[in-house]
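Participant: Listed below are the residues making up each chain.
Number of protein chains: 4
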Amino acid sequence: MTERAGAPPDHPPDHPPATEEVELVGHIVDSLTLAKVLDLIVDAGADYRMEEFDVGRTSTDQSRARLVLQADDPATLARLMEQLQVHGVNRVASEPAVLVACDHDGVLPAGFYSTTNLPTRVLVGDRWSEVVNAEMDCALVADADGTFRAVPMHRVVVGDHVVVGLGGVRVDAPRRPRGATPFEFMSSDASSEKPKALLVADVARRIRLAKASGARVLAVCGPAVVHTGAAPDVARLVHAGWIDVLFAGNGFATHDIESNVLGTSLGVSIDEGRPTEHGHANHLRVINEIRRSGSIAAAVADGTVRSGVMYECVRHGVPVVLGGSVRDDGPLPDVITDVVEAADAMRRHVQGVGVALMLASTLHAIATGNLLPAGVETYCVDINQAVVTKLADRGSHQALGIVTDVGLFLGQLAGQLGA
Amino acid sequence: MTERAGAPPDHPPDHPPATEEVELVGHIVDSLTLAKVLDLIVDAGADYRMEEFDVGRTSTDQSRARLVLQADDPATLARLMEQLQVHGVNRVASEPAVLVACDHDGVLPAGFYSTTNLPTRVLVGDRWSEVVNAEMDCALVADADGTFRAVPMHRVVVGDHVVVGLGGVRVDAPRRPRGATPFEFMSSDASSEKPKALLVADVARRIRLAKASGARVLAVCGPAVVHTGAAPDVARLVHAGWIDVLFAGNGFATHDIESNVLGTSLGVSIDEGRPTEHGHANHLRVINEIRRSGSIAAAVADGTVRSGVMYECVRHGVPVVLGGSVRDDGPLPDVITDVVEAADAMRRHVQGVGVALMLASTLHAIATGNLLPAGVETYCVDINQAVVTKLADRGSHQALGIVTDVGLFLGQLAGQLGA
Amino acid sequence: MTERAGAPPDHPPDHPPATEEVELVGHIVDSLTLAKVLDLIVDAGADYRMEEFDVGRTSTDQSRARLVLQADDPATLARLMEQLQVHGVNRVASEPAVLVACDHDGVLPAGFYSTTNLPTRVLVGDRWSEVVNAEMDCALVADADGTFRAVPMHRVVVGDHVVVGLGGVRVDAPRRPRGATPFEFMSSDASSEKPKALLVADVARRIRLAKASGARVLAVCGPAVVHTGAAPDVARLVHAGWIDVLFAGNGFATHDIESNVLGTSLGVSIDEGRPTEHGHANHLRVINEIRRSGSIAAAVADGTVRSGVMYECVRHGVPVVLGGSVRDDGPLPDVITDVVEAADAMRRHVQGVGVALMLASTLHAIATGNLLPAGVETYCVDINQAVVTKLADRGSHQALGIVTDVGLFLGQLAGQLGA
Amino acid sequence: MTERAGAPPDHPPDHPPATEEVELVGHIVDSLTLAKVLDLIVDAGADYRMEEFDVGRTSTDQSRARLVLQADDPATLARLMEQLQVHGVNRVASEPAVLVACDHDGVLPAGFYSTTNLPTRVLVGDRWSEVVNAEMDCALVADADGTFRAVPMHRVVVGDHVVVGLGGVRVDAPRRPRGATPFEFMSSDASSEKPKALLVADVARRIRLAKASGARVLAVCGPAVVHTGAAPDVARLVHAGWIDVLFAGNGFATHDIESNVLGTSLGVSIDEGRPTEHGHANHLRVINEIRRSGSIAAAVADGTVRSGVMYECVRHGVPVVLGGSVRDDGPLPDVITDVVEAADAMRRHVQGVGVALMLASTLHAIATGNLLPAGVETYCVDINQAVVTKLADRGSHQALGIVTDVGLFLGQLAGQLGA
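Residue numbers (my numbering), protein chains in the order written: chain A, 1 to 419; chain B, 1 to 419; chain C, 1 to 419; chain D, 1 to 419.
No wet-lab data here; the hints were simulated from the structure.
Computed from a prediction, not measured in an experiment: that's the story for all the values here.
Misleading hints may appear alongside valid ones.
Claimed, not checked - Dumping the calculated DSBU-like pairs for lysine-lysine here, alpha-carbon to alpha-carbon at most 35 angstroms:
1) 36/D with 211/D
2) 211/C with 211/B
3) 36/B with 211/C
Said to hold, decoys possible - Distance ranges between label pairs, derived from CB positions:
4) 213/B with 25/C: 23 to 31 angstroms
5) 159/A with 344/B: 32 to 40 angstroms
6) 315/A with 60/C: 32 to 40 angstroms
Ideal Cβ positions, reconstructed from N, Cα and C, are used throughout, including at glycine.
Kindly produce the complete structure, drawing on both the sequences and the hints.
Facilitator: Below is the structure:
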């Protein structure tokens with residue numbers, strides 16, 4: 001079976017699939033080019049068959065791949081080919097380019113070839129002609145002498161002959177001079193710019209799948225979950241059975257209890273929205289009362305705590321590990337102040353976890369990521385891209401980063417899961 | 001009338017209000033201390049009467065303020081007093097401190113005094129005694145020799161005598177050595193950590209108020225509005241009449257049209273979630289088709305564009321100014337490519353605007369902020385705190401920053417406004 | 001004595017100082033306007049005398065301040081007046097505006113009045129005339145009917161009559177509708193955009209002053225100090241006696257030792273630049289060897305550790321507190337794994353500290369900030385503005401944020417201090 | 001020749017190279033695993049020969065690679081093997097694991113095997129035994145029943161038998177379930193955490209190489225270059241001939257001229273550190289004076305401008321393109337206000353550019369990136385990781401991101417280049 005989620009359609013399409021034979025030459029393995037190409041194919045809902053693959057024997061040799069692409073329809077295939085060409089993928093078939101004349105100034109013929117910034121050649125008759133300049137997102141205009149220029153849309157004029165379609169155009173694969181340098185290529189898309197409703201739906205779907213398969217769901221919560229107003233959403237998720245184990249620190253647990261014990265009026269709720277963990281006597285008073293009760297469970301039993309995430313965890317037998325940190329006030333009596341013991345307690349609870357949600361947490365999320373086996377699906381949700389990248393980079397090969405506002409994300413997630 | 005929103009209660013409370021006379025001494029004007037104190041009073045739903053105010057005549061003199069605080073009930077007043085003491089506010093009344101013995105190790109008596117990190121004195125009998133160390137969030141424990149120590153909660157033991165309540169405790173106001181240095185105090189709360197549902201509700205309320213008063217609502221949209229999946233929400237807001245004028249650039253308009261003209265399948269929507277404005281031939285093809293139609297309005301008329309934000313603006317006569325930038329592809333025929341003319345067009349449309357929403361836009365938001373009169377309520381929504389701070393800092397005295405995910409924010413806002 | 005650094009000149013200037021009487025009316029205390037105005041005066045090297053100050057008795061009353069400004073020369077005073085007018089400060093003197101005709105299209109007369117975005121009036125003859133629109137950074141052009149318009153520079157034409165100088169122009173103070181809302185005004189300048197060499201020099205100067213006064217200097221170091229290549233700079237500062245106590249965690253100490261024990265070649269140094277604390281066996285091997293030695297001091301004594309920050313601290317008797325965290329590998333034997341004990345150890349070492357440097361640390365920096373008395377000058381250095389703001393917001397009234405690259409900052413600081 | 005910088009040593013090492021035959025099985029192409037493995041080999045200064053490569057024919061087939069690694073010495077090879085094992089690379093040689101007993105509690109034997117979080121087997125005698133749990137950065141301890149457990153260092157006790165060395169241990173390659181989901185793996189290292197002196201040296205080296213080869217160097221400058229105090233460094237680079245062409249906007253040019261025309265005293269320099277482009281009459285006055293002169297070159301000629309970046313560009317004939325934007329004040333007469341014309345002007349100047357430096361610029365940097373051919377080495381320097389990622393993601397395949405403070409970076413770069 002495949003590791004890719006691109007499932008086959010349930011019913012065969014009415015029309016035969018569209019196919020195209022393509023090739024790619026260069027340092028395509030170590031430059032990530034081939035991996036990116038295969039990604040794009042599957043992301044487009046298409047598929048491939050590797051017909052030939054000559055891998056460079058040493059780090060100085062080029063590699064060469066020949067693939068047959070297959071998509072459900074010609075339009076999908078054409079869109080895919082345009083995306084692939086940016087990475088140096090060329091059609092194997094060799095037919096001359098089609099030229100069409102512009103009929104309006106500043107407007108291109110339909111189906112115009114859109115350039116990459118790679119070195120490019122055009123087949124006219126039986127001769128390959130170099131494009132004299134390389135610029136992205138332009139059209140290829142034929143000059144009188146048979147050469148071609150990359151020309152931006154606004155500069156074409158009536159009568160310019162422009163390449164239409166992908167036929168007869170070839171590009172060189174991009175080169176990435178890497179080697180032993182202190183640099184790395186940065187490749188993450190600015191992932192705050194994603195369709196967020198889709199992301200939420202996908203996380204909900206994966207949680208459902210994990211639960212259906214008997215796996216457990218772990219939530220790791222930072223204080224911002226409370227500050228952004230999302231603690232009631234987490235409480236609903238615990239109440240409805242979606243969360244099986246919870247890791248957090250003294251701050252999250254205290255803020256959760258404080259907002260439920262003291263915070264009912266608008267003024268107070270707003271005030272709690274401010275992340276001033278210190279200088280707030282309320283915070284200390286709540287810790288002091290739980291210390292007086294002896295534990296959070298005792299405080300639930302004696303009626304001190306009557307709602308919230310901690311309350312629901314106690315009520316529903318969801319195990320909680322509160323790991324201490326040097327910045328803790330109090331702390332709450334449930335906090336494991338020895339960090340080695342705290343990590344050991346976390347170790348005991350990660351068994352059987354299939355999905356881990358890291359919710360606006362840095363310290364406890366990194367600690368958790370260190371303990372998880374490679375197969376656990378991990379979602380790191382934070383508004384700060386640097387935090388998400390840092391978490392997603394740490395060891396766990398399954399970590400997916402979501403740059404969003406945990407305060408709005410959790411409300412939607414709880415809604416999607418019917419919690 | 002007041003400029004503060006702390007409206008009087010509609011009906012008088014059943015009990016007499018709680019009051020307290022307090023004073024504050026030091027460089028309280030230029031250090032922002034007094035402003036912060038007055039803020040906290042009103043934020044707490046309380047009020048004040050300035051009984052006496054001696055302002056330092058020169059930059060080297062101290063000032064002194066004496067106020068009477070008034071709150072609806074003693075609990076509110078007590079909470080407020082704890083917050084104010086952090087800023088050096090002391091009760092004028094001079095009564096001795098109340099000491100209570102601890103009855104559990106590591107647990108403080110109810111109502112314990114919670115320390116600030118300011119120099120502190122305690123009145124015992126008729127003698128003021130210095131606290132020997134200053135540390136926040138501790139209790140004050142009496143030593144055998146009559147001095148006091150700030151002791152963290154976990155260190156108190158049975159029999160320790162601890163100050164309870166605010167009586168008999170005084171602190172010095174904080175000093176802020178400013179002067180001609182290259183530094184500035186950073187004072188913004190990490191505002192991504194706010195209760196987000198409340199923020200959305202408040203923006204909705206203010207939009208309703210503005211519309212009810214006959215003012216116009218301006219939206220300034222960046223491309224991330226489309227990438228995060230929120231363009232349909234903006235289209236609903238335009239359709240329902242909540243947005244009266246729209247400023248954007250070539251990127252926003254093109255992405256909006258592209259997602260409506262080409263993007264119906266999941267694959268394509270996802271793909272649009274990526275902020276690759278270049279290297280995407282779809283993007284260029286859409287621009288080319290609008291150029292062929294001659295304008296966005298013409299493309300709506302000839303059926304090329306059938307939905308989306310641009311479509312709704314054309315249909316509902318909402319004026320749009322698309323200001324050009326050097327990074328534009330195409331651009332669309334509606335883009336004003338001369339930036340001086342574009343700014344002049346924006347000038348013409350800001351008349352009568354009462355609320356401006358800056359939605360994941362930097363360039364056009366700054367340009368707009370430069371043109372708005374001081375009275376316009378401006379909300380800057382972006383996931384990047386640095387962008388929000390930058391926008392909010394620019395001139396416009398009314399700019400409020402909201403660090404959140406515009407993709408989720410706009411869905412909730414449209415919902416709140418019933419769009 | 002003053003708390004402001006605006007020292008008087010050592011020798012009297014040759015010319016008499018320039019003075020101006022100004023006033024400011026509105027909600028100028030709670031809106032921070034007055035504080036900002038006093039700041040600007042001192043920042044400009046000028047001074048003030050408060051002649052009259054009527055503070056609003058309640059939160060609904062306006063206040064009114066009348067000040068005499070004094071600067072060394074008229075040019076400084078004129079620049080200051082332009083800055084102050086943005087905040088609603090007007091001259092008390094009432095003289096008619098001076099109008100000068102433009103002699104080039106798109107060019108203003110020298111000394112033109114530059115607008116704010118506040119409601120504005122102009123005195124012509126003996127009549128105050130309203131400006132019909134409010135826009136920043138424009139000129140005031142007289143219309144034929146005696147009214148004035150704010151006109152951008154590029155729109156003036158030859159013959160337009162433009163207000164020159166500040167005489168005869170008045171603005172209303174800005175209003176800030178605050179009250180009990182979930183919003184806060186964000187007021188921090190985007191402080192990554194500061195002249196960095198000046199900041200470094202100023203921190204160096206303050207460290208020198210603190211040391212000269214007998215105060216101790218505390219450094220709180222995060223792992224990024226090592227990753228960015230700045231650990232040798234910290235080692236030099238310790239060696240030269242500039243740092244008296246050091247707080248950090250297992251990560252910083254391990255990376256420091258690892259880079260000194262194992263890291264000599266380019267390949268290894270680069271590799272250490274990557275923040276992968278896990279998945280790196282080297283990291284664990286170093287911890288294991290120190291555990292075998294028994295402590296860092298023992299590892300220095302037995303020759304296992306021969307350079308670096310930890311080495312210099314051992315050699316120079318600089319106390320180090322390593323506070324544990326749940327994400328720690330190993331940990332090193334010196335790490336205090338009980339976080340309550342770790343915080344207590346930190347408490348013991350903050351006595352006498354006059355300057356605290358928080359260097360790319362979040363967890364330990366917040367923990368330290370919680371323990372420091374209000375008087376300690378604290379510098380929070382981090383590349384992430386959100387981290388700096390968070391640290392600077394925490395209680396400590398003296399915290400100054402510097403958004404910069406700690407890797408380059410520490411090299412310059414060590415250079416400035418001759419370390 | 002190779003595209004990789006891992007050049008062979010000039011002289012043969014004294015000892016024979018160390019070699020190891022390894023293999024890797026799984027979805028290693030599309031999961032980026034193979035590319036990462038080849039990267040690590042070259043980054044370590046080692047090399048490889050691909051002995052066998054069976055690529056999966058379809059997206060559901062596994063691939064299998066067999067390589068011979070070669071390093072200069074066994075220590076380098078051993079370190080490399082540890083890094084590779086994290087990605088599922090196993091030795092082909094099959095020898096039993098070596099077990100060594102612990103002789104101190106909490107201390108591992110030298111050379112202990114450090115675990116990954118992948119499924120792992122150990123060869124004991126002739127039987128492969130599964131490791132019962134997977135956790136990173138642990139030791140493998142043999143249980144009495146012949147199974148193995150991953151145990152953290154602090155939990156081993158005297159007498160525990162621990163695997164030493166890589167012999168007899170195999171791991172499964174990581175799986176990355178991708179497919180058509182809205183997520184992307186985030187793979188950029190948190191690149192603010194790099195050894196910064198090395199990065200500066202490398203950029204300087206590449207600029208020298210480019211100049212030596214006859215290529216031109218382009219600088220794209222944002223206003224923060226001036227605000228952070230780095231404009232004099234850019235001026236020195238222009239003066240010394242290191243910069244051949246400069247792109248910027250009205251803001252950069254105006255701030256540069258303003259700081260040179262008006263800014264000599266400390267007070268003024270500090271003031272310029274604040275990014276308030278508006279509300280500052282100085283800014284407008286400077287623009288007005290250049291408009292009066294007619295152009296920047298004319299203002300240099302008539303003595304209005306006597307130093308700074310713009311001055312040096314005029315003096316040394318370095319072409320400057322100032323592209324307009326809707327937020328511009330004035331603008332300066334040299335600003336090309338039509339953005340399509342501005343982009344065309346930039347197009348004309350990118351010919352022959354070999355290195356592009358994007359310096360704290362977003363708008364103009366993106367615009368430039370759109371125009372550059374794929375071969376241009378591009379360095380994006382900004383303090384904001386999101387900006388750097390965004391720039392580096394845009395099309396240009398050569399863009400390298402450097403998250404640092406441009407104010408300190410440029411000073412060091414100018415120093416390195418002897419400017």
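Participant: Straight-line Cα separation of residue 211/C and residue 211/B no greater than 35 angstroms?
Facilitator: Roughly 60 angstroms between the alpha carbons, so the hint for residue 211/C and residue 211/B is violated.
Participant: Has the given pair, residue 36/D with residue 211/D, been kept, meaning a C-alpha gap of at most 35 angstroms?
Facilitator: Holds, at roughly 32 angstroms.
Participant: Under the criterion that the straight-line Cα-Cα distance not exceed 35 angstroms, is the pair residue 36/B, residue 211/C satisfied?
Facilitator: holds, 33 angstroms
Participant: Assuming the hint says 32 to 40 angstroms, is it satisfied by the Cβ distance from residue 159/A to residue 344/B or not?
Facilitator: The hint (32 to 40 angstroms, Cβ to Cβ) holds, given that residue 159/A and residue 344/B are roughly 35 angstroms apart.
Participant: Take a look at whether the Cβ-Cβ distance between residue 213/B and residue 25/C falls inside 23 to 31 angstroms.
Facilitator: About 25 angstroms separates the Cβ atoms of residue 213/B and residue 25/C, which means 23 to 31 angstroms holds.
Participant: Between residue 315/A and residue 60/C, does the C-beta distance stay in 32 to 40 angstroms?
Facilitator: Taking Cβ atoms as reference, residue 315/A and residue 60/C lie about 48 angstroms apart, which means the hint is violated.
When held up to the earlier numbered hints, the structure conflicts with 2 and 6 and fits the remainder.
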